[in-house]
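Novice: Sequence:
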Amino acid sequence: MLRIRNKIKPEIAEEQCGFLEDKGTSNALCILRTLIERALEVQKDVYLCFIDYTKAFDRVRHDEIITQLKQLNVDGKDLRVIKTMYWEQTAVMRVENKTSTYQDIKRGVRQGCVLSPDLFSLYSEIIMRNLENHPGIKMGGQNINNLRYTDDTVLIAENKEDLQKLRNIVEEESRKKGLVLNSKKTEVMVISRKQESPKCDIFINEVKLKQRENFKYLGTIISNDGKTNREISARTAQAKINFQKMKTILTNKQISIKTRKRALQCYIESVLMYGCEAWTISRQIQDKLEATERWFLRRMLRIPWTAKKTNERVLNEAN
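Going by full-length UniProt numbering, 292 is the number at position 292 of the sequence shown; the sequence numbering is gapless.
Heads up, some of the hints might be wrong.
What the hints assert, rightly or not - Derived DSBU-like pairs (lysine-lysine); straight-line CA-CA distance at most 30 Å:
hint, residue 1, residue 2
1, Lys216, Lys288
2, Lys9, Lys138
3, Lys160, Lys138
4, Lys184, Lys227
5, Lys176, Lys7
6, Lys184, Lys106
7, Lys208, Lys160
8, Lys177, Lys208
9, Lys240, Lys309
10, Lys185, Lys216
11, Lys44, Lys210
12, Lys240, Lys261
13, Lys261, Lys247
14, Lys176, Lys210
15, Lys194, Lys138
16, Lys258, Lys308
17, Lys184, Lys165
18, Lys309, Lys247
19, Lys199, Lys216
20, Lys208, Lys176
21, Lys199, Lys185
22, Lys44, Lys208
23, Lys245, Lys288
24, Lys23, Lys165
25, Lys208, Lys185
26, Lys55, Lys98
27, Lys9, Lys216
28, Lys240, Lys216
What the hints assert, rightly or not - DEER-style ranges, computed between Cβ atoms:
hint, residue 1, residue 2, range
29, Thr306, Thr54, 54 to 60 Å
30, Thr310, Lys216, 36 to 42 Å
31, Glu132, Asn229, 31 to 37 Å
32, Gln286, Lys194, 25 to 31 Å
33, Gln286, Glu172, 43 to 49 Å
34, Glu21, Asn97, 46 to 52 Å
35, Ile257, Gln286, 22 to 28 Å
Simulated from the structure, these hints should not be mistaken for lab results. Being a predicted model, the structure only gives us computed values, none of them experimental. Idealized CB from N, CA, C, for every residue including glycine.
All chains should be modelled from the sequences, with the hints used to inform the complete structure.
Specialist: Printed below as a string of structure tokens:
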């Protein structure tokens, strides 16, 4: 398996942040937010198309996988192992008392298989390579027209026409490989400093894609003004909800303050600060985050709102 993974890894582009040991959602979010920030600084709008595939992992063609692995000069013994894993599978359907005949399974990657993430990454890479010479937005001398985390894909362009071209290429190449774009869940956004966000009419098979003001990408809210205020407000609200769920533990004075603080960091603050590596922190946002921290500590220490304790004293009590 390691030999196969070592063959596949060099073929995966930098735009793919999923299924890799040294990358994660924070990398994809940081790149996207930095790109948006740089574009807005020079008065450029950013056109985004968030691609949604219909059951992407279930539609991977086994014969296409083998073809790509052969082109990477994967050893014949390793190919036979993969063929055995994927080609020698059958399935039967049972509805009430009726049973179908056995059918060969020719698509899909196996759930739980250690090799499945690499095989899917290679499969999607074939599709995205066709975007290499098409315009996106330049950052650090590099043209970026897409970002991916497994099958969560966002296309990036400076204008509507370029975005439509990128989307057309992705749809056509995906169709060739058996993947289907979900027109109901594939959506677009224009990030701009203008008072009214520009219109972006993008189509899939004559179906106009919905244009959003806010979109949840990899668990964070991307807003069409390019700011993080809405995301931080949502994080704060969710962290407070989680605090209330764990209130009986976090406010239990029979548990040491050290243990409760550790639980607060693990289960509450981790929710609050998810994706913070990509945030642009203003003084207003910093004050809001610090106020939220004090909100947690006052409740954890069971300090009533009527108690006139300074913030410094609260921090000292919490060590």
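Novice: Look at each hint and say if it fits the structure.
Specialist: The hints, checked one at a time:
The suggested pairing of Lys216 with Lys288 holds, with an alpha-carbon distance near 22 Å, which does not exceed 30 Å. Taken as a hint, the Lys9 and Lys138 pair is honoured in the structure, with Cα atoms around 25 Å apart against an allowance of 30 Å. Taken as a hint, the Lys160 and Lys138 pair is honoured in the structure, with Cα atoms around 16 Å apart against an allowance of 30 Å. The suggested pairing of Lys184 with Lys227 holds, with an alpha-carbon distance near 26 Å, which does not exceed 30 Å.
For a cut-off of 30 Å, the pair hint linking Lys176 to Lys7 stands: about 24 Å separates their Cα positions. Using a Cα cut-off of 30 Å, the hinted pair Lys184 and Lys106 holds, with the two alpha carbons roughly 27 Å apart. Pair hint Lys208 plus Lys160 holds up; C-alpha atoms about 13 Å apart against a cutoff of 30 Å. In summary, the hint linking Lys177 to Lys208 is supported, as the alpha carbons are separated by about 23 Å, within the 30 Å threshold.
The straight-line distance between the Cα atoms of Lys240 and Lys309 is roughly 21 Å, inside the 30 Å bound, and the hint therefore holds. The hinted pair formed by Lys185 and Lys216 meets the criterion: a straight-line CA distance of about 12 Å does not exceed 30 Å. Taken as a hint, the Lys44 and Lys210 pair is honoured in the structure, with Cα atoms around 22 Å apart against an allowance of 30 Å. Pair hint Lys240 plus Lys261 holds up; C-alpha atoms about 15 Å apart against a cutoff of 30 Å.
Of the pairs offered as hints, the one joining Lys261 and Lys247 holds, with about 12 Å between alpha carbons and a cut-off of 30 Å not exceeded. At roughly 25 Å between alpha-carbon atoms, Lys176 and Lys210 fall within 30 Å of each other, so this suggested pair holds. For the given pair, Lys194 sits about 21 Å from Lys138 by alpha-carbon distance, which is consistent with the 30 Å threshold. With a C-alpha separation of about 24 Å, the suggested pair Lys258 and Lys308 falls inside the 30 Å cut-off, and the hint holds.
Pair hint Lys184 plus Lys165 holds up; C-alpha atoms about 19 Å apart against a cutoff of 30 Å. As the CA atoms of Lys309 and Lys247 are separated by approximately 21 Å, the hinted pair is consistent with the 30 Å bound. Between Lys199 and Lys216 the CA atoms are separated by roughly 20 Å; this keeps the pair inside 30 Å, and the hint holds. Distance hint between Lys208 and Lys176 is fulfilled; the C-alpha atoms sit about 22 Å from each other, no more than 30 Å.
Between Lys199 and Lys185 the CA atoms are separated by roughly 18 Å; this keeps the pair inside 30 Å, and the hint holds. Distance check on the hinted pair: Lys44 and Lys208 sit about 24 Å apart at the alpha-carbon level, within 30 Å; holds. For the proposed pair Lys245 and Lys288, the alpha carbon gap of about 22 Å is at most 30 Å, so the pair holds. A hinted pair counts as satisfied when its Cα atoms are at most 30 Å apart, and Lys23 with Lys165 qualifies at roughly 28 Å.
The hinted pair formed by Lys208 and Lys185 meets the criterion: a straight-line CA distance of about 11 Å does not exceed 30 Å. Proximity of Lys55 to Lys98 is assessed by CA-CA distance (about 27 Å); at most 30 Å being required, the pair is judged to hold. For the hint linking Lys9 to Lys216, the alpha-carbon distance of about 28 Å falls within 30 Å, and the restraint holds. Taken as a hint, the Lys240 and Lys216 pair is honoured in the structure, with Cα atoms around 20 Å apart against an allowance of 30 Å.
Evaluation of the 54 to 60 Å hint for Thr306 and Thr54 yields a pass: the beta carbon distance comes to about 56 Å. Roughly 38 Å separates the CB atoms of Thr310 and Lys216, a value that falls within the hinted 36 to 42 Å. At about 35 Å, the CB distance of Glu132 to Asn229 agrees with the hint of 31 to 37 Å. In this structure, Gln286 and Lys194 meet the distance hint of 25 to 31 Å, their C-beta atoms being roughly 27 Å apart.
Between Gln286 and Glu172, the C-beta spacing of about 46 Å keeps the proposed range 43 to 49 Å intact. In this structure the hint that Glu21 and Asn97 lie 46 to 52 Å apart at CB holds, the actual value being about 49 Å. Checking the proposed 22 to 28 Å range against Ile257 and Gln286 shows it holds: the Cβ atoms sit about 25 Å from each other.
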